[in-house]
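Asks: First to last, the protein sequences are chains D and Y. Per UniProt numbering, residue 1 is the first one in the first sequence, and the count goes up by one each step. Per UniProt numbering, residue 1 is the first one in the second sequence, and the count goes up by one each step.
If you are wondering where the hints come from, they were derived from the structure by calculation, not from laboratory data. Hints are supplied without guarantee of correctness; some may be wrong.
Derived CB-CB ranges, DEER-like [unchecked claim]:
(1) Ile271/D x Arg132/Y: 21 to 27 Å
(2) Asp469/D x Val37/Y: 39 to 45 Å
(3) Ser84/Y x Ile176/D: 43 to 49 Å
To give a feel for the contact side, a few chain D residues facing chain Y, derived at Cβ under 10 Å [as the list claims (entries may be wrong)]:
(4) Cys234
(5) Gly235
(6) Asp239
(7) Tyr260
(8) Ile271
(9) Cys274
(10) Cys280
(11) Asn282
(12) Tyr297
The structure displayed is predicted, hence computed values, not measured ones. Beta carbons: idealized from backbone N, C-alpha and C, even for Gly.
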Amino acid sequence: MDDNMLAQLVDLGFDITVAQLALEQTNGKGLDAAIEFIYSFSEPSKLSSQKSNSNVTPTPTPPSSQQEPSGIRRSNSKNKSTSFEPISPQVTHKVLKTSRKSVKESVDSNVSYEDNDTSLEYNDTDEDYDEDYYQDVDDYEFDIPIHDALPKSNTVIQASDIIHTALKEIEKISSITETTPSAATILLQHFQWNGNKLLERFYEDPERVITQAGIKKINEFHTGKNLSDDCMICGDSLDDSNGCYLSCKHYACKECWANYLRIKIQEGESIGICCLGFKCPNVVPDEFINRVIPENYNKFLERLAQTYVEKNPNMRWCPTPNCGNALKAESQAETTAQCSCGFRICFKCNQESHVPADCAQMKTWKKKCEDDSETANWINVNTQDCPKCQSAIEKNGGCNHMTCKKCKHEFCWVCLGNWIGHNKCNTYNREENSNKSDTKKQLERYLFYFHRYNTHEQSKKFETKLRTDAVNSMIDFQNRKDKRWIDVKYIEQSTEVLIQCRRTLKYTYVFGFYLPDGPEKNLFEYLQNDLERTTEKLSGLLEKMNESNSMDVKEITNLASTKLHHLLSGVEEGFLGH
Amino acid sequence: MSNPKYAKRLQKELLDLRNSPPTGILIDEAETFDRWVIGIEGMSGTIYQGERFKLQFRFNSSYPLDPPEVIFIGNVPVHPHIYSNGHICLSILYDNWSPALTVSSICLSILSMLSSCTEKTRPADDSFYIARAVGKSPKDTRWMFHDDKV
Ligand SMILES: [Zn+2]
Ligand SMILES: [Zn+2]
Ligand SMILES: [Zn+2]
Ligand SMILES: [Zn+2]
Ligand SMILES: [Zn+2]
Ligand SMILES: [Zn+2]
Numbered sequence: 001m002d003d004n005m006l007a008q009l010v011d012l013g014f015d016i017t018v019a020q021l022a023l024e025q026t027n028g029k030g031l032d033a034a035i036e037f038i039y040s041f042s043e044p045s046k047l048s049s050q051k052s053n054s055n056v057t058p059t060p061t062p063p064s065s066q067q068e069p070s071g072i073r074r075s076n077s078k079n080k081s082t083s084f085e086p087i088s089p090q091v092t093h094k095v096l097k098t099s100r101k102s103v104k105e106s107v108d109s110n111v112s113y114e115d116n117d118t119s120l121e122y123n124d125t126d127e128d129y130d131e132d133y134y135q136d137v138d139d140y141e142f143d144i145p146i147h148d149a150l151p152k153s154n155t156v157i158q159a160s161d162i163i164h165t166a167l168k169e170i171e172k173i174s175s176i177t178e179t180t181p182s183a184a185t186i187l188l189q190h191f192q193w194n195g196n197k198l199l200e201r202f203y204e205d206p207e208r209v210i211t212q213a214g215i216k217k218i219n220e221f222h223t224g225k226n227l228s229d230d231c232m233i234c235g236d237s238l239d240d241s242n243g244c245y246l247s248c249k250h251y252a253c254k255e256c257w258a259n260y261l262r263i264k265i266q267e268g269e270s271i272g273i274c275c276l277g278f279k280c281p282n283v284v285p286d287e288f289i290n291r292v293i294p295e296n297y298n299k300f301l302e303r304l305a306q307t308y309v310e311k312n313p314n315m316r317w318c319p320t321p322n323c324g325n326a327l328k329a330e331s332q333a334e335t336t337a338q339c340s341c342g343f344r345i346c347f348k349c350n351q352e353s354h355v356p357a358d359c360a361q362m363k364t365w366k367k368k369c370e371d372d373s374e375t376a377n378w379i380n381v382n383t384q385d386c387p388k389c390q391s392a393i394e395k396n397g398g399c400n401h402m403t404c405k406k407c408k409h410e411f412c413w414v415c416l417g418n419w420i421g422h423n424k425c426n427t428y429n430r431e432e433n434s435n436k437s438d439t440k441k442q443l444e445r446y447l448f449y450f451h452r453y454n455t456h457e458q459s460k461k462f463e464t465k466l467r468t469d470a471v472n473s474m475i476d477f478q479n480r481k482d483k484r485w486i487d488v489k490y491i492e493q494s495t496e497v498l499i500q501c502r503r504t505l506k507y508t509y510v511f512g513f514y515l516p517d518g519p520e521k522n523l524f525e526y527l528q529n530d531l532e533r534t535t536e537k538l539s540g541l542l543e544k545m546n547e548s549n550s551m552d553v554k555e556i557t558n559l560a561s562t563k564l565h566h567l568l569s570g571v572e573e574g575f576l577g578h
Numbered sequence: 001m002s003n004p005k006y007a008k009r010l011q012k013e014l015l016d017l018r019n020s021p022p023t024g025i026l027i028d029e030a031e032t033f034d035r036w037v038i039g040i041e042g043m044s045g046t047i048y049q050g051e052r053f054k055l056q057f058r059f060n061s062s063y064p065l066d067p068p069e070v071i072f073i074g075n076v077p078v079h080p081h082i083y084s085n086g087h088i089c090l091s092i093l094y095d096n097w098s099p100a101l102t103v104s105s106i107c108l109s110i111l112s113m114l115s116s117c118t119e120k121t122r123p124a125d126d127s128f129y130i131a132r133a134v135g136k137s138p139k140d141t142r143w144m145f146h147d148d149k150v
């Protein structure tokens, strides 16, 4: 490698490792080629360092003949680009688009932010934060604002609000169209919950709207009739106090019907609950439900209202237990949405957001993990021995930079290597494992990735607790007079960023597992390692949170955001995308 | 059985089974309302002709609103929808359960499932499934139902 060129690149402000990679990849074709290479896999502004006032002009990514397949646009950015991002034809295994703000940042970890106006620019799409920040902090000009690691383009709606809104809409439509609540819900669903459009059409031609939505005549039913048959469920005789049936004449007593309907509603059914007869397709009318279980009728209506989320392609329930919020994206094309509880969801597969891995990779990966669960079980996630003094160490935090309490040895929890001089533990070493049989090699390779995937998940769990603590201490602080909200807000934001990094790191190991070896993977692993190290640093700082390290925390938080962004845009654009 | 209302139903089912058992179905054990063992016999003219199998029924307090847990015990028939641990992949036992179904109608469904089979094979995922289902109830499995016709 040409040391002279390397020196020049470093002088221009490029990170030495990036520069080395660029020179390797361009086979020393010259300085321009190397620079062009660097710009071609990353947004120009991201790689030029602060200190560089160089005259290097960013090479724009050349237009490509191939366009983005599904017409997904990047949104949520003021400098919204309407042009399509090019995709390298060779990169077949992945191109995942997420909406993301443009970042003007530096990769140089030594950069100081004091006079850095670009870090403020970063905030320009984050209205919420800007307001809070600028209202309250005239005397905090030296402070560092914290960026969101990942953008949020969805709205979060509280569960109670949704039900309330939807119920009102159902009631309105039901009374105007003179239909049952179920029928009104079906009508609304037919019009994607656009009540005005529905009514417009309804006034034009009521019959047609009703038929098109597939609303049938209400079935005849009885809820108290003396019958010669017994209840088909419990065998009780049926009289005028308890004999219930629909037009299909599946006779049962009121109590059995009530138990049956309660279970159905409990299970989340609302529209189209069928008769209890075996394979009987007869739908139970709303009024029948109201008569049989009047005390549960409101619950039934709530279930109807819930379809407002379930049948809306732009909405998802937050999967966090007991959260109950709904997430509404601007369009169906959105790939992720973020809940106020911290959960980030993949809009396509409804699992935890798994960028940079795509949904198909996740499916294969999860299948593999299930199949190999026995083999992977030996990985004991929370206890290991100190590699130096062998004393058992229990992990109780997210940070993987461990210090043995007994012998003070510092080591990496993931690879058990010495922390001093530890700089790369994300690359699976083929050579080291080359003397083993193929199956053994394959298994070890899988375990290598699985172990890291798992460790980041474990860390994320600890760190999610950290975030909850942060939110609690914010409430605490608000009640005390000696601190202002703004003084502690950053802890929540930092833990938030930390969790984003952790989650992404977890899934980088899925992405990496399926990424073929080659220059692209080298670049990916470089960025992954970079993010990993910054994340551990942030995690360590946040665990030892105190008043004096707040500036460090903020700096490292922003640095982690930046690294995260680099990694994801690298993946998004293809590392060697031309 | 803790629910007296539904104990009555089981009592009635038991009586019906005793008095007029369908062809090929026999009560082996029905001392309690928690667990019954019902013997079924492969119908003549089918590949299971003359073979005897035992079905174990476990009822919880919500039966018949909740389906019973039904598995083969002892000699498990070799069938593409029956795992060697006795678990049965049949939708009416899980998702398509209806409280209108009875022990007798379940036995008949299982007999008909046996009768329509033309080749004695285990499910393709048998060893994989039974390894994961150790100590579990088939009701805890999220079944992807095979073609119900076979
Ligand atoms: Zn009854
Ligand atoms: Zn019916
Ligand atoms: Zn949530
Ligand atoms: Zn997905
Ligand atoms: Zn030690
Ligand atoms: Zn390591």
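Asks: Any hints this thing doesn't respect? Which numbers, in order?
Replies: 1, 2, 3, 6, 8, 11, 12
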